[in-house]
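There are 2 protein chains.
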Amino acid sequence: MSSLHLFPILGVGEIVAGDDLVDICLRALAAQGEQLAVNDLVVVTSKVVSKSEGRVVPCDGSPAEREALVQAESTRVLRRRGPLRITQTRHGFVNANAGIDFSNAPEGTAVLLPVDPDRSARRFRADVRRRTGIEIAVIITDTFGRTWRNGVTDVAIGSAGIQPILDLRGTTDANGRVLDVTEVAIVDEIAGAANLVLAKDGNTPFAVVRGLSPTYFGDGSVGDDIVRPPSGDMFR
Amino acid sequence: MSSLHLFPILGVGEIVAGDDLVDICLRALAAQGEQLAVNDLVVVTSKVVSKSEGRVVPCDGSPAEREALVQAESTRVLRRRGPLRITQTRHGFVNANAGIDFSNAPEGTAVLLPVDPDRSARRFRADVRRRTGIEIAVIITDTFGRTWRNGVTDVAIGSAGIQPILDLRGTTDANGRVLDVTEVAIVDEIAGAANLVLAKDGNTPFAVVRGLSPTYFGDGSVGDDIVRPPSGDMFR
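Respectively, the protein sequence lines represent chains A and B. Its first residue numbered 4, the first sequence is counted upward by one per residue in the working numbering. Its first residue numbered 4, the second sequence is counted upward by one per residue in the working numbering.
Next up, chain A with everything else stripped away, as it sits in the complex (with noise of 0.2 angstroms):
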């Protein structure tokens, strides 16, 4: 088994509509003096995706407007306490307000997440792999709340070339006998490693993470694999 290494890129900028990110990246990378290599894993947080793609909408940060911001997000509300709804969103993930950033937003504006987080990570890796020739794996993250413990964590919204869920299923331990847990959510895994790493400084949205197991990359996503659909679940 080897061991892992993750490290932030940094001097990043802010990002606006439009931007590269592959470009930002890479150029960042270079710039101190690292490059991607075969197995790589990128993490992008999510906040920067969504500023490349336009996503912020305008929001006077009033409660209506929040309210109204977050309804149009949300296909389903689960609880309400204050200003605070947990909603399922259009991608089926269940979270705090839609995921909508109304604080580290521009003034006068609301960051939505972006509309197809799988499909974001698959454009950077086909970009990465354009560009340099290099197969990486890609995890675009985003700050959840869980149930029953306190604190947030970052997980993955979206995925391109990695397996979203490990599975063990068959697999023994050191007497033979089968393992009981068998399907590790690998994804969510790193996407809470990187952001160890990552400055809070709203200006470090990239981490490399390298030295995965060669086992982890494969196909799959985080709308397919990792959401579980409502039939599934027992707190819904």
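Fair warning: there could be bad hints in the mix.
[As the list claims (entries may be wrong)] Derived coverage of chain A by chain B (criterion: at least 3 residues anywhere in the stretch with Cβ under 8 angstroms from a Cβ of chain B; other residues may be distant):
#1 151-159
#2 193-204
[Said to hold, decoys possible] Beta-carbon label-pair distances, calculated as ranges:
#3 B/E17 with A/V19: 54 to 64 angstroms
#4 A/L171 with B/P217: 30 to 40 angstroms
#5 A/D222 with B/G111: 37 to 47 angstroms
[Said to hold, decoys possible] Quick partial rundown of chain B residues pointing at chain A, CB under 10 angstroms, derived from the structure:
#6 S6
#7 L7
#8 L9
#9 L72
#10 G95
#11 T150
#12 N153
#13 A188
#14 A194
#15 A197
#16 D204
#17 D228
#18 S234
#19 G235
#20 D236
#21 F238
Note that these hints are calculated values from the structure, not bench results. Backbone N, C-alpha and C fix where the C-beta goes; we use that ideal spot for every residue, glycine too.
Based on the hints, put chain B in the right spot on chain A.
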């Protein structure tokens, strides 16, 4: 912002009641030519903590006996589906079957969670300090399912020497605006990260996490800081 390095400690054999986990961990680490350094963090999977503390109980595997064990370890049942129970444990964790491992346990037994994983973490940390003079942090992990998302991830059930929640309240971003997301559950992000390097052979219970920000180290416990009281919870 520095980079993060994670690696497993290999060559650890089967753990039984009364085993000295720190001695076993340090010997295995030395055998691979490594030693602990200040501000390293050691991740320990709960299974070996439970085994070393004698938390292995007879269980014939019948539904009735499983049900009785889950009830004995729980203070509340949140959901039932077939043989699955989502319960609140005496620690306050909400997880499947009170965290009892029925499958990957010695024949005719089940492995319960440690009685007090934060205490186990503090002991491990104090033992390391006594033997090596080195101040490290410790996280004890277990594998939990999540609401609304498929797959399991490793989370922290005990910790020592690290702040479970990184409190960013008052921190400003690059534009001078106060950050919205302010309480990051770094112990859970670290727990998940470490799981990425642990071989799934049942005999790799330790990982070293090197390069965490020195600001992450400090006081607190999973029980005090991560476990959300039922009164503050919207899904119980």
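>> Interface hint check: B/A194, Cβ to nearest Cβ on chain A, cutoff 10 angstroms. Holds or violated?
In response: 8 angstroms, holds
> Can the region 193-204 of chain A be counted as covered by chain B under the rule of three residues or more with Cβ-Cβ separation shorter than 8 angstroms?
Replying inline: holds (count 10)
> So does A/D222 sit 37 to 47 angstroms from B/G111, Cβ to Cβ?
Replying inline: With Cβ atoms ~40 angstroms apart, the hint holds.
> Does the CB of B/S234 sit less than 10 angstroms away from some CB of chain A?
Replying inline: Violated, about 12 angstroms.
> Is the shortest C-beta separation between B/D204 and chain A less than 10 angstroms?
Replying inline: Holds - the Cβ of B/D204 comes within 10 angstroms of chain A, reaching about 5 angstroms at its closest.
>> The hint names B/S6 as touching chain A; please verify it with the least Cβ-Cβ distance against 10 angstroms.
In response: 4 angstroms, holds
> Are B/T150 and chain A close enough, Cβ to Cβ, to be under 10 angstroms, as the hint says?
Replying inline: Check passed: Cβ of B/T150 comes within 4 angstroms of chain A, closer than 10 angstroms.
> Are B/A188 and chain A close enough, Cβ to Cβ, to be under 10 angstroms, as the hint says?
Replying inline: 3 angstroms, holds
> Do the Cβ positions of B/E17 and A/V19 conform to the proposed distance bound of 54 to 64 angstroms?
Replying inline: 57 angstroms, holds
>> Using the nearest Cβ pair, does B/N153 come within less than 10 angstroms of chain A?
In response: 5 angstroms, holds
> Does B/D228 pass the interface check with chain A, least Cβ-Cβ distance below 10 angstroms?
Replying inline: At 6 angstroms from the nearest chain A Cβ, B/D228 passes the 10 angstroms test, so the hint holds.
> Per the hint of 30 to 40 angstroms, is the separation of the Cβ atoms of A/L171 and B/P217 within bounds?
Replying inline: 35 angstroms, holds
Going through the hint list in order, the structure does not satisfy hints 9 and 18.
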